[in-house]
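Residue numbers (the numbering used here), protein chains in the order written: chain L, 2 to 264; chain D, 2 to 264; chain X, 2 to 264; chain F, 2 to 264; chain A, 2 to 264; chain C, 2 to 264.
Honestly, the hints are just simulated from the structure, not real lab data.
Hints are not guaranteed to be accurate.
Since copy identity is lost for identical chains, a pair holds within one copy or between any two.
In the BS3-like style, the derived pairs of lysine-lysine whose C-alpha atoms are separated by at most 27 Å in a straight line are [as the list claims (entries may be wrong)]:
#1 K108 - K154
#2 K181 - K154
#3 K157 - K200
#4 K38 - K200
The model shown is predicted, which means the values in this text are computed figures rather than measured ones.
Protein chains: 6
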Amino acid sequence: DFLGALDEVHPLFGVSEEDLGRAVEGGIIHFSPHIDKILKNGRDFVNQIRTGTTPLLSVLLHGPRGSGKTALAARIAMDSEFPFIRLVRPVDMVGMNEIQKIQHLSKTFTDAYKSPCNAVVLDNIELMVDWVPVGPRFSSAVLAAIKGMMDNKPPKGRPLLVLATTSERTVLQQLQLNFKAQIAVPNVQTQQELAHIMKESGAFSSTDVQRAIGEIEQTTGSRQINVGIEGVLLGIQTAMQDEDRTGRFAEVISEAIADNSAA
Amino acid sequence: DFLGALDEVHPLFGVSEEDLGRAVEGGIIHFSPHIDKILKNGRDFVNQIRTGTTPLLSVLLHGPRGSGKTALAARIAMDSEFPFIRLVRPVDMVGMNEIQKIQHLSKTFTDAYKSPCNAVVLDNIELMVDWVPVGPRFSSAVLAAIKGMMDNKPPKGRPLLVLATTSERTVLQQLQLNFKAQIAVPNVQTQQELAHIMKESGAFSSTDVQRAIGEIEQTTGSRQINVGIEGVLLGIQTAMQDEDRTGRFAEVISEAIADNSAA
Amino acid sequence: DFLGALDEVHPLFGVSEEDLGRAVEGGIIHFSPHIDKILKNGRDFVNQIRTGTTPLLSVLLHGPRGSGKTALAARIAMDSEFPFIRLVRPVDMVGMNEIQKIQHLSKTFTDAYKSPCNAVVLDNIELMVDWVPVGPRFSSAVLAAIKGMMDNKPPKGRPLLVLATTSERTVLQQLQLNFKAQIAVPNVQTQQELAHIMKESGAFSSTDVQRAIGEIEQTTGSRQINVGIEGVLLGIQTAMQDEDRTGRFAEVISEAIADNSAA
Amino acid sequence: DFLGALDEVHPLFGVSEEDLGRAVEGGIIHFSPHIDKILKNGRDFVNQIRTGTTPLLSVLLHGPRGSGKTALAARIAMDSEFPFIRLVRPVDMVGMNEIQKIQHLSKTFTDAYKSPCNAVVLDNIELMVDWVPVGPRFSSAVLAAIKGMMDNKPPKGRPLLVLATTSERTVLQQLQLNFKAQIAVPNVQTQQELAHIMKESGAFSSTDVQRAIGEIEQTTGSRQINVGIEGVLLGIQTAMQDEDRTGRFAEVISEAIADNSAA
Amino acid sequence: DFLGALDEVHPLFGVSEEDLGRAVEGGIIHFSPHIDKILKNGRDFVNQIRTGTTPLLSVLLHGPRGSGKTALAARIAMDSEFPFIRLVRPVDMVGMNEIQKIQHLSKTFTDAYKSPCNAVVLDNIELMVDWVPVGPRFSSAVLAAIKGMMDNKPPKGRPLLVLATTSERTVLQQLQLNFKAQIAVPNVQTQQELAHIMKESGAFSSTDVQRAIGEIEQTTGSRQINVGIEGVLLGIQTAMQDEDRTGRFAEVISEAIADNSAA
Amino acid sequence: DFLGALDEVHPLFGVSEEDLGRAVEGGIIHFSPHIDKILKNGRDFVNQIRTGTTPLLSVLLHGPRGSGKTALAARIAMDSEFPFIRLVRPVDMVGMNEIQKIQHLSKTFTDAYKSPCNAVVLDNIELMVDWVPVGPRFSSAVLAAIKGMMDNKPPKGRPLLVLATTSERTVLQQLQLNFKAQIAVPNVQTQQELAHIMKESGAFSSTDVQRAIGEIEQTTGSRQINVGIEGVLLGIQTAMQDEDRTGRFAEVISEAIADNSAA
Ligand SMILES: Nc1ncnc2c1ncn2[C@@H]1O[C@H](COP(=O)(O)OP(=O)(O)OP(=O)(O)O)[C@@H](O)[C@H]1O
Ligand SMILES: Nc1ncnc2c1ncn2[C@@H]1O[C@H](COP(=O)(O)OP(=O)(O)OP(=O)(O)O)[C@@H](O)[C@H]1O
Ligand SMILES: Nc1ncnc2c1ncn2[C@@H]1O[C@H](COP(=O)(O)OP(=O)(O)OP(=O)(O)O)[C@@H](O)[C@H]1O
Ligand SMILES: Nc1ncnc2c1ncn2[C@@H]1O[C@H](COP(=O)(O)OP(=O)(O)OP(=O)(O)O)[C@@H](O)[C@H]1O
Ligand SMILES: Nc1ncnc2c1ncn2[C@@H]1O[C@H](COP(=O)(O)OP(=O)(O)OP(=O)(O)O)[C@@H](O)[C@H]1O
Ligand SMILES: Nc1ncnc2c1ncn2[C@@H]1O[C@H](COP(=O)(O)OP(=O)(O)OP(=O)(O)O)[C@@H](O)[C@H]1O
Ligand SMILES: [Mg+2]
Ligand SMILES: [Mg+2]
Ligand SMILES: [Mg+2]
Ligand SMILES: [Mg+2]
Ligand SMILES: [Mg+2]
Ligand SMILES: [Mg+2]
């Protein structure tokens with residue numbers, strides 16, 4: 002039968018227990034008040050579940066690529082200290098057909114119905130339904146399954162928090178994949194935020210920071226940054242290979258700013 | 002053969018007998034005359050079946066998401082006290098292929114042909130045919146099966162009431178899935194209705210209610226509410242986590258009103 | 002082989018011998034001269050087959066939903082008193098795949114080639130090919146099969162009358178599913194026709210009839226009815242649950258008229 | 002292997018040897034010089050094959066539905082008196098999947114490569130590739146197979162004439178299904194042609210013919226007929242059930258003329 | 002495994018060794034300098050492979066239907082006298098599914114990697130990928146396979162010449178099926194070219210040729226011919242069945258000219 | 002299970018260890034400063050991986066067909082001297098279905114997770130997902146798999162460099178297949194660059210080079226070359242078959258320039 006068959010579906014790359022941890026490996030930098038607000042919002046939803054006020058709550062973290070959605074969702078989930086926390090990523094389902102994906106997802110939800118407090122993180126949910134804007138293409142079977150599961154009240158006394166992330170919020174709306182609550186995760190926006198990250202990285206002196214910020218403003222002709230935290234951190238790593246670390250960093254970030262404003 | 006094969010299709014999440022009951026768990030709040038009218042209408046259709054005047058009647062409850070369609074359909078079905086009442090939900094068919102879905106549905110109808118008075122609730126019937134507006138996509142096999150079953154006169158002396166719910170009425174019309182009768186289920190519309198619910202929740206004093214209503218009107222600049230009962234109840238639960246319960250409630254509902262008028 | 006495999010296809014809901022009879026259960030009300038003309042036309046086609054003048058004749062009964070097409074086709078077929086008469090309905094093929102549907106249909110035709118005079122009723126033929134206007138979708142395999150069968154001269158001395166019904170005549174034309182003859186089945190159109198049905202139902206006095214007709218004209222502002230016989234009969238059944246039977250009937254019919262003129 | 006598997010494909014309705022004969026059962030009425038020209042043209046192509054001047058020739062007979070294409074193609078094929086003549090009709094392949102259809106067709110061609118002179122009639126070739134204008138839909142696998150076979154030079158000394166019929170010539174052009182030669186088969190066009198058929202049917206006196214023609218001209222307001230021979234013959238059969246045979250015939254033909262000019 | 006499975010795929014019509022020869026059966030008529038130029042071009046590409054200067058070269062012969070592409074590609078391949086020469090035609094793959102077609106093609110290329118000098122002719126390559134302009138439809142799996150194979154450098158010392166033919170050059174460009182070199186094959190264009198072919202056929206005297214050319218110019222009102230060599234040769238064969246061979250030839254060619262200029 | 006099943010997928014053409022080497026067989030000609038810059042950029046990315054600063058880096062080499070992308074990616078990968086380097090080409094997956102392709106790719110990545118420093122070259126990545134602009138068509142399953150794998154952080158201490166090549170950069174953007182870094186590979190652009198290659202080929206004297214350049218400028222009326230290195234090298238090979246090597250080379254290159262500016 003169906004549930005028995007579940008045993009036979011193994012993700013191609015395994016599902017390690019460390020996945021959640023790896024998503025927040027480098028720690029969260031509180032580079033802007035948004036970060037604090039997002040984490041506080043998350044704590045509130047966690048409490049709504051822990052107290053059993055609401056048996057089922059689905060929350061969507063949305064924002065541009067590399068803005069830190071996965072790291073923040075993982076942080077919220079880990080901070081809940083719920084007995085059952087599970088991260089599901091698209092790569093976990095690579096090589097599965099639609100039926101196997103649905104079984105993998107439903108096993109996660111079924112498992113979550115057994116613990117007194119549960120959190121499931123559905124990472125990059127638009128890729129989970131194989132969304133591609135060309136066409137557009139998507140798996141309507143997996144989509145239907147996720148809709149069904151996210152609408153299915155858990156058994157009494159097993160409240161469930163579903164945290165999903167996406168960089169394609171309007172796509173989810175078109176697919177009528179609805180959430181009870183939403184949290185926006187913005188890019189690094191201001192020079193101040195960028196400076197905060199540079200300092201915390203320990204790779205730049207205060208003078209370096211001033212110089213880099215100045216060069217970026219000059220190159221881009223604007224004080225607006227709008228680059229994801231991921232891009233900023235990768236920029237630091239690239240710059241560290243260079244003799245002129247500060248100049249290279251300014252160069253890389255300026256390019257990223259230009260790319261984003263062109264897109 | 003076909004009917005024999007039916008035994009092998011088990012829904013991934015089981016079909017508990019308590020499903021119908023859980024849909025009306027918190028009781029029905031009679032926050033507006035519409036609620037009474039809907040229930041009375043439902044009673045009339047139930048009688049038409051009970052007296053055998055009409056052997057087969059299909060009724061569609063339609064309205065915005067979270068307006069209470071499923072709760073009201075469940076209430077009408079349970080109040081009929083028919084010997085056979087069955088709720089079918091999309092989640093019951095997650096992980097089934099088209100053939101299995103059709104078998105699951107047809108088993109429900111076949112079972113319903115055995116009892117002297119029968120009611121079947123098809124919840125979120127647009128999801129039952131896997132409707133997605135992008136494409137659009139839907140399962141034409143399941144659609145054809147539902148059309149066939151809803152048009153199939155039951156055996157003599159086994160009258161059947163089919164209650165379906167949808168938040169996509171025009172989609173059903175486009176799909177030519179026709180019903181003999183229709184019932185509209187509206188959102189919470191007036192301040193008076195909202196106040197009714199707040200009071201009945203036991204979470205707010207009369208002064209709280211006045212203050213919340215006032216703040217909502219000020220924030221939204223309108224006396225019009227247009228939020229589903231589900232959103233209102235969830236708003237109360239969220240507000241209860243906050244020190245300023247009334248202020249938080251006004252905030253949450255104002256946001257919901259804004260979201261709905263933007264959509 | 003193919004024909005042997007036929008034994009394995011069983012309709013999900015069985016094919017009872019009483020199906021034809023049930024389609025005309027309540028008798029035919031001769032509420033307008035059209036009804037007589039349709040039945041006479043049908044008799045002529047039956048004769049053309051009985052005398053063997055024409056070996057194969059396909060006739061399409063088309064008209065709005067609920068106008069009485071199936072009842073009239075069944076009546077014509079039963080009145081022929083041919084040794085082989087068979088009704089095929091979409092619901093008989095629910096849960097079959099395309100190949101099974103084709104086998105089910107071809108078995109019907111093959112059986113029909115064995116009797117000295119044969120009639121096959123294909124009910125709601127647009128649903129038989131799984132037509133859905135969204136897309137549009139349809140089964141081109143079943144369509145091709147029906148075309149082939151309806152064009153296939155039966156063996157010598159086994160003339161065959163095919164009676165098909167549809168509420169989607171233009172769809173059939175687009176699908177190039179052609180018939181040798183056509184019969185239009187209109188809705189109840191005039192007040193006189195409506196009065197005829199009310200009287201024959203035995204549920205209304207002459208005064209009731211006058212009052213209902215009057216109220217309908219007043220509500221709709223028109224003398225035009227344009228409601229299917231099915232809608233009229235269901236309206237009577239609904240009205241019979243009400244204390245003010247006549248008033249309720251006028252109400253229900255007025256709504257139906259409004260719905261139809263809006264569509 | 003492939004060729005071995007051929008044995009397992011049996012058409013649902015059998016392929017009787019009498020098929021060709023039945024297509025010309027009633028004889029060919031030479032109601033217009035076109036009929037003679039078509040048959041002479043056919044004889045010329047037959048000779049080109051018989052003398053071995055051309056090893057492979059594909060000819061398309063095209064014209065409106067019911068204009069006599071199949072009867073004329075069958076006549077030409079039978080008159081060739083070739084040792085191998087085969088008629089392939091869409092109904093012969095009802096219930097086959099694409100692979101089976103291709104095997105059925107290729108078996109026909111393979112068989113045709115064994116005889117010193119061969120003719121294959123592909124009737125309603127647009128239905129053979131399951132063409133439906135809605136979509137449009139068609140079987141590209143069967144289409145590719147037919148293209149391949151019609152382009153494949155037979156073995157030395159086994160010349161092959163392929164006669165195909167269609168009422169969708171432009172469709173075949175769009176599908177790039179090309180023929181080496183084409184023959185147009187027109188409808189009954191003039192009053193003189195219609196009179197010819199009426200007289201030859203033996204069902205009308207000269208006066209009857211004059212009266213019918215006159216009434217048709219009066220009803221339609223035109224001397225143009227443009228009805229297929231099939232429609233004319235069916236009209237005679239219908240008329241024969243009537244007391245006023247001539248009047249009824251004029252009526253039926255006038256309707257057919259109106260239908261055709263409306264389409 | 003994969004390569005082992007290759008043994009099981011047999012073309013429905015066999016692949017005779019004589020195929021290449023049959024494509025040039027009647028000999029090549031050098032009716033225009035283009036023919037000489039095409040053959041010389043082919044010899045140059047053959048040399049580039051024979052000397053090992055280039056390990057892999059793909060050449061496309063393109064032109065209107067019946068212009069002689071296959072005959073010329075076969076001539077070039079045969080004249081190379083390479084130890085391995087293979088012709089692949091769409092008809093060789095009739096009845097194969099996509100996987101079987103790919104295996105059939107890849108076996109041809111794998112075989113070609115074993116000989117010191119190799120030539121593969123892919124005839125009507127647009128049909129090999131099942132191209133149909135309606136849709137459009139094509140096999141993207143076979144297309145991808147051909148792209149992969151045509152880009153795959155053979156092992157050292159096994160240079161390979163791929164000659165492909167098509168009458169749909171722009172289609173190949175849209176499908177991004179690219180070739181390293183291209184050869185255009187034109188229709189018979191001038192009266193002089195037509196006269197050359199007529200004379201070489203031995204079926205016409207010089208006076209006949211003059212008369213035919215004159216009549217064609219008069220009928221078509223132009224000196225431009227633009228008919229494929231295939232059409233010209235078929236015209237001669239048809240004309241030979243007629244008493245007035247010259248008049249009939251002029252008629253047939255004039256029709257072909259008209260058809261081509263209409264298309 | 003899944004990973005066990007991997008053993009059963011063997012590429013149709015084998016995966017030789019020499020593939021990477023063959024891609025740079027003729028050596029890299031440093032005909033322009035771009036070549037040096039590209040190789041230096043590549044070295045920097047290699048260092049970022051070797052030092053473990055970045056655990057996972059995906060780089061896209063994009064440019065026109067035949068511009069040298071594969072050769073340069075192979076050069077960068079080989080120069081890294083990482084213990085694990087793997088080239089994956091579309092032809093390696095010819096004849097595999099989607100599941101097999103995904104397994105082939107995932108096996109490559111899984112293997113790459115075992116070595117202390119890893120590089121994977123995904124050649125012509127748009128063909129890996131079977132992209133065809135007509136439709137457009139592509140394999141969304143393979144695309145999803147590649148997205149998942151390119152986003153999957155390798156285990157600790159197993160940093161991975163992914164080098165991909167494409168001539169369809171905007172397609173990848175539309176498919177939302179994103180890379181952390183990008184390198185542009187241009188065509189041969191200037192007369193100076195062309196002269197550089199001609200000289201290095203050893204096939205032309207300085208006078209030859211001058212003459213060829215002059216003739217090309219005269220023929221094309223422009224000093225702009227814009228032909229891929231592959232086209233230039235093939236042009237030299239073709240020219241070497243000709244008596245007038247220089248004149249022929251100028252001719253071939255002029256044609257290539259014309260083709261490119263027409264496209
Ligand atoms: N606030 C933060 N402070 C420090 N590091 C962060 C922060 N947010 C994210 N990161 C790091 O930035 C990287 C990218 O973040 P993450 O993967 O969460 O972004 P994302 O928005 O989920 O990206 P994607 O759209 O690709 O899914 C990770 O390495 C993560 O650890
Ligand atoms: N009149 C009511 N009084 C009190 N509670 C109600 C009422 N109607 C609905 N509810 C509650 O509100 C919640 C949502 O209602 P329900 O699921 O019936 O809405 P719905 O319209 O079916 O939503 P959806 O569109 O998502 O299917 C449920 O918890 C239900 O118990
Ligand atoms: N002339 C009539 N007199 C009395 N009852 C009729 C008449 N015609 C139809 N009915 C009844 O009306 C009902 C609906 O008719 P029927 O099913 O034949 O309509 P239909 O046009 O086939 O509908 P649909 O479009 O849904 O297939 C049936 O119960 C039938 O018995
Ligand atoms: N010239 C003719 N003289 C007498 N009878 C004819 C003639 N041509 C056709 N018929 C008869 O008319 C009927 C229909 O002709 P036929 O089936 O050949 O037409 P068709 O063009 O093939 O029709 P369709 O388009 O439906 O395939 C047949 O019964 C045939 O015997
Ligand atoms: N130059 C020529 N001289 C004599 N006969 C020729 C010549 N070229 C082609 N033919 C003959 O003309 C016929 C058609 O030519 P062929 O099949 O090569 O044309 P094609 O362009 O490949 O046609 P298609 O577009 O249908 O594939 C063949 O019988 C071939 O032998
Ligand atoms: N800089 C160079 N110096 C010398 N030879 C080169 C150079 N770059 C490429 N080549 C050679 O040119 C030929 C084509 O180059 P390559 O296959 O790398 O181009 P590509 O851009 O990958 O082409 P495609 O778009 O077809 O994949 C190869 O034989 C390669 O060895
Ligand atoms: Mg993420
Ligand atoms: Mg509901
Ligand atoms: Mg009906
Ligand atoms: Mg025909
Ligand atoms: Mg050819
Ligand atoms: Mg390349």
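Verification of the hints:
no.	hint	verdict
1	K108 - K154	both (15 Å within a copy, 24 Å between copies)
2	K181 - K154	within (13 Å within a copy, 31 Å between copies)
3	K157 - K200	between (48 Å within a copy, 26 Å between copies)
4	K38 - K200	within (22 Å within a copy, 31 Å between copies)
Going through the hint list in order, the structure satisfies each hint without exception.
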